[in-house]
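Participant: Each chain is listed here by its residues.
2 protein chains.
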Amino acid sequence: MTGTEAAPGAGQVASGERVARAALTRVLEPGDEVGGAWLRSYGARGLIERLREGAELVPRVTSARQEGLRARALAARPERDLETAGAAGARFVCPGDSEWPGQLDDLGCARPVGLWVRGRASLRLWALRSVAVVGSRACTEYGAQIAARLGAGLAERGWVVVSGGAYGVDGAGHRGVLGVGGATVAVLASGVDVPYPRGHHRLLDRIAQQGLLVGELPPGDHPTAYRFIQRNRVIAALTRGTVVVEAAYRSGALVTARRAQSLGRYTIGVPGPATSALSGGVHQLLRGEAVLVTSAAEVTELVGAIGDLAPERRGPVVPRDLLGPRAARVLAALPARGAMSAADVARGAATTPDDAVGRLYELQSLGFVERHGDSWKLTRQTTQTVFSSNERE
Amino acid sequence: MTGTEAAPGAGQVASGERVARAALTRVLEPGDEVGGAWLRSYGARGLIERLREGAELVPRVTSARQEGLRARALAARPERDLETAGAAGARFVCPGDSEWPGQLDDLGCARPVGLWVRGRASLRLWALRSVAVVGSRACTEYGAQIAARLGAGLAERGWVVVSGGAYGVDGAGHRGVLGVGGATVAVLASGVDVPYPRGHHRLLDRIAQQGLLVGELPPGDHPTAYRFIQRNRVIAALTRGTVVVEAAYRSGALVTARRAQSLGRYTIGVPGPATSALSGGVHQLLRGEAVLVTSAAEVTELVGAIGDLAPERRGPVVPRDLLGPRAARVLAALPARGAMSAADVARGAATTPDDAVGRLYELQSLGFVERHGDSWKLTRQTTQTVFSSNERE
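Here the protein sequences line up with chains Z and H, keeping their order.
The numbering of the first sequence is the working numbering, which starts it at 29 and goes up by one.
The numbering of the second sequence is the working numbering, which starts it at 29 and goes up by one.
For the record, the hints were derived by calculation from the structure and aren't laboratory data.
Think of the CB as a built atom: it goes at the ideal place given N, C-alpha and C, for glycine as much as any other residue.
It cannot be assumed that every hint is accurate.
[What the hints assert, rightly or not] Some residues of chain Z that are not near chain H, with every Cβ distance over 12 Å (derived):
1) L102
2) T112
3) H228
4) A378
[Claimed, not checked] If you want the footprint, here are the derived chain Z segments under chain H, 3+ residues with CB under 8 Å:
5) 169–176
6) 294–301
7) 308–315
8) 319–329
[Stated by the list, open to error] Here are the simulated distance ranges between beta carbons:
9) E329/H to A253/Z: 31 to 37 Å
10) A305/Z to E169/H: 16 to 22 Å
11) H400/H to A305/Z: 24 to 30 Å
12) A325/Z to H400/H: 48 to 54 Å
All chains should be modelled from the sequences, with the hints used to inform the complete structure.
Facilitator: Written out as C-alpha cells, the structure is:
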C-alpha cells in the first residue's frame, strides 16, 4: 500500500486538502490549539497559504512565532512526505476520511491535523473498541507482568490495546497482546517510519505488521519532550478508557489518565503494594475518580458498559454493505454455523493469514464475529440478521 | 482497680441495673436483636426476672429457645462474675455509665448489653478518636508490615487503634502501636480474663497494661464462630472508620468493613498487588465505596475531617471541670509552656508512668495536649482557654 492508494474504506478527503494537512503536520506542533483555531477559520489550504505568505492570522501570535511558522511552511514538502510515507507502508488519514476516528474530534482545537498510520487495519474500526494500557517506563517486574496479562486478556476479549510503544509498561502491554495474536496500536511521538525508542524497533516493526503504528509527526520527524506529552492526549481520546499500570507521582501516564478523565473516558488504575513508589501515582488516581481493577475482565466490564457498540447487546451496528471489500470477503468466508481457523478463513477469502486476522478483529469490533480460542465464528446476531433470508447451509 | 470500684469518670448506673446487665451478658448472645428489643421493653432488671420466671416475652420466640434462655438466666451468677472480673483487673461498663461509648448506640437493638473492660484508660474517651485496623489472620509479610506501619503512624498522630487481637493483621497492628508507646484497644470475642487466641496471651496482657481489652462476654467465656462475627460490629461501631489491610474474598474483616459502612463510618482499604489473593477482598471493597489509603496520614486526613472532635479545629470540647480527678491532675502537671516527658508528668501528678501515659492520650483525644516525640505539651487552645485568666508563669 502506498500513500496515494486509497485507505481502507476509501478516503473521502480531496487531494488538495490532504496535501495541505500533510504540510501542516510539519508546521504546527501536535496539540497547538491556536493552530487548531486557525485551521477552523481558514481551512487547511487557506491556512498553509496564509502561513507561507506571512498574512495576518487571528488569533494573533508574536511576529517571531509567525516567522518561525512561515519558515516551516515554506520548507514543507508534503507531496514528498506522502511519497516517503507510502514507501514505508504508511498512509495519511485526515478528518473527513472514512478511516478517521471520530472520537478525536472531542479534542476540539487540539484535534490532530491528521494521523500518519502504518499497518493494515482500519484505525477507525479498531479504535471503536479500544482501551489504553499505559504506565511507567521504569516499571517493576510486577508492573510488566500486570501489563502483559492485561494486554493478553483484553485482546482475548476482543478489545484493541492502545499504548505508546515505550519501554516498561507500554512495551509489556503491546507484547502481551501480540503473544495471543491480538490487535494493538502504538501511538508514537515520532514519524511512523522512524519508530522510537530504538531499542523497540523490532517490537514496533511487529506492531506495524500485526497492528497499527500511528502518529501526528511526518516521516523522519523525531520526538521531543513536548511531543511525548501531546501524544498522550491522542491515546486518551482514541480509547474508551485508560488503564494505568504503575506510575510514579509525576509520571506521564498520569497525564494520559487525567486527559482521559477530562474527555469523559474511563480512568482506570491497577493497584500495587502501598509501599511501592511506582504505584504511588496510580494510588493517587484511585483516591480520586479512577476505578480500581485487577483483571482484564474488570476492565471490559467497565468500558463495555457504554453499550452503544458492545456486540453482545446491540449486534452489528455497521450494515454489512458498508464493510470494505476485504472485510466483506473475510466475513463471507466464515461458515454460517461453527468455527473456523484464521488460516482457513484466509484461504477462503483469498488473502494472507495476517490480513485475515486483522479483518477478523475489525469484524469482531463491529460485532459480526467472535473469537473462540484459535478459531472464529459468526455471532448469533450476525447469523440471524445477515443470513436470515439467505441461509447458506 | 476492682469491679466494684468506680470506673474512670465514675459510673452512674445503679447497682441493680449493673448486676442485671452483667447477668444478661451470660444469657443473651452478642448481637441478639430480639433480646435487645426485650431489653428496651422491660429494662434489664425486668427482663432477667421475666427470663427466670419463664414469663411471656414480646416479640415471642419458640418455647425451646425461651427454655434455653431460662436455664441460662437461672444459672447466671452476676455478682460472682463482677467479682471475678474485678480480681482480673476488669470492670463492667453499661449504657448510662459515663464511660459508655455513645457511638455504640448506633447499633440499635444489637447494642451490647454492656462491655467488660480491662485496662486503665477510659473506653469512652479513647473511642472518640479511634480507628479500626483489621484484616486477614493468615496475612502475608506485606500485610503485617503495612498493619504495623499504620498502627504506629496512627498512634503517633494521636489516634487510638482498635482491632480484634487476632493473629495476622490484627496482631501486627496492635504491636505497631505498642512499639511507639501508643494507645490500642483489642475487642475480644471471649471473656477479657481468658484472652484468645492463646498464642497472643503475652500481647493481650501487654494491651491490658498499656491499652484496653474489651468484650461482651462475661469472665471465663469462650469464643465461637458466631461471636467472632458479632464482635466485628462492636469494632465497626466503636471507631470512626475501619481500615482493611489484606483480606481474601470471604474474610471476616470484610464483614467489619461493610458494617462500618452501614453505620456511616469510613470504610478504608490498603491496596496490594493485583495478583495477591489476600488483597482480593480489599480490592473488591475499593471498587465499591471504600477509600484507598497507603499511609496513616491519609487515614487521619480522612477520619479527622469529621472535625467535630478534631483538636486542631475546635479545641477542647470537654470542659476541664468534667475531667476525672486523675486526668485533671495529669493536666495540671503540664507546664503552661514547653514540653515535658511522660515520666516527669507522672512525678508531677503523683501517679505511675503507665497511668500518666494513659491519661495523656485521653487528654490528647480531647484536644487538651499534644505529643511531640517522647514529650507532651498543652495545645495552644488549652493554654489560651484554660490558663488565660490564671497564667502560671
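Participant: Work down the list of hints and note, for each, if the structure agrees.
Facilitator: Structure-based check of all given hints:
{"no.": "1", "hint": "L102", "in the structure": "holds, 53 Å"}
{"no.": "2", "hint": "T112", "in the structure": "holds, 43 Å"}
{"no.": "3", "hint": "H228", "in the structure": "holds, 25 Å"}
{"no.": "4", "hint": "A378", "in the structure": "holds, 44 Å"}
{"no.": "5", "hint": "169–176", "in the structure": "holds (count 3)"}
{"no.": "6", "hint": "294–301", "in the structure": "holds (count 4)"}
{"no.": "7", "hint": "308–315", "in the structure": "holds (count 4)"}
{"no.": "8", "hint": "319–329", "in the structure": "holds (count 6)"}
{"no.": "9", "hint": "E329/H to A253/Z: 31 to 37 Å", "in the structure": "holds, 33 Å"}
{"no.": "10", "hint": "A305/Z to E169/H: 16 to 22 Å", "in the structure": "holds, 19 Å"}
{"no.": "11", "hint": "H400/H to A305/Z: 24 to 30 Å", "in the structure": "holds, 29 Å"}
{"no.": "12", "hint": "A325/Z to H400/H: 48 to 54 Å", "in the structure": "holds, 50 Å"}
The structure agrees with every numbered hint stated previously.
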